[in-house]
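Undergrad: Required output: the full structure, derived from the provided sequences and hints.
Numbering (numbering that gives the first Met the number 0), first residue to last: 0 to 92.
Simulated from the structure, these hints should not be mistaken for laboratory data. All values derive from a computational prediction rather than experimental measurement. Positions of the beta carbon are idealized from the N, C-alpha and C atoms, including for glycine. Some hints could be false.
FRET-style restraints, in silico, Cβ to Cβ [what the hints assert, rightly or not]:
1) 16 x 57: 28 to 34 Å
2) 82 x 61: 19 to 25 Å
3) 91 x 53: 33 to 39 Å
4) 11 x 60: 36 to 42 Å
5) 53 x 73: 29 to 35 Å
6) 50 x 7: 19 to 25 Å
7) 92 x 55: 29 to 35 Å
8) 55 x 78: 31 to 37 Å
9) 49 x 69: 28 to 34 Å
10) 52 x 11: 24 to 30 Å
11) 83 x 11: 56 to 62 Å
12) 65 x 5: 33 to 39 Å
With a straight-line Cα cutoff of 25 Å, these simulated SDA-like cross-link-like pairs (lysine to any residue) come out [said to hold, decoys possible]:
13) 37 x 23
14) 37 x 13
15) 37 x 5
16) 89 x 77
17) 37 x 19
18) 37 x 47
19) 37 x 22
20) 89 x 79
21) 37 x 21
22) 89 x 70
23) 37 x 8
24) 37 x 17
25) 37 x 11
26) 37 x 48
27) 37 x 10
28) 37 x 4
29) 37 x 3
30) 37 x 27
31) 37 x 15
32) 37 x 14
33) 37 x 20
34) 37 x 16
35) 37 x 7
36) 37 x 18
37) 89 x 78
38) 89 x 75
39) 37 x 26
40) 89 x 76
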Amino acid sequence: MANLTNSHSLTDFQRNARHFIESLNETQEPMLLTVNGKVQAVLVDPVTYQQTEEQLERARLIAAIREGEQAIGEGRTRPAEDVFAELQTKHGF
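TA: Written out as structure tokens, the structure is:
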């Protein structure tokens, strides 16, 4: 979870955007933006965002691999020839 002490009102951010963005890039800590005292947005620097996206993609890939392994273990598979024949029939591949 983001550091709750690094929260600022949207109005303050709009008035001092350059300063806040420089700070965000320096600290690489998420910044919470509030409207009427409630968090409405979270800003992260580009490096942190890219790292988060890559971690999420790895997690999705691992989950898909595990699902495939489970399907194999449970015998929920089909011969590749059958799959290719079905694709050819349905889609002309």
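Undergrad: Checked against the structure, which of the hints given earlier come out wrong?
TA: none
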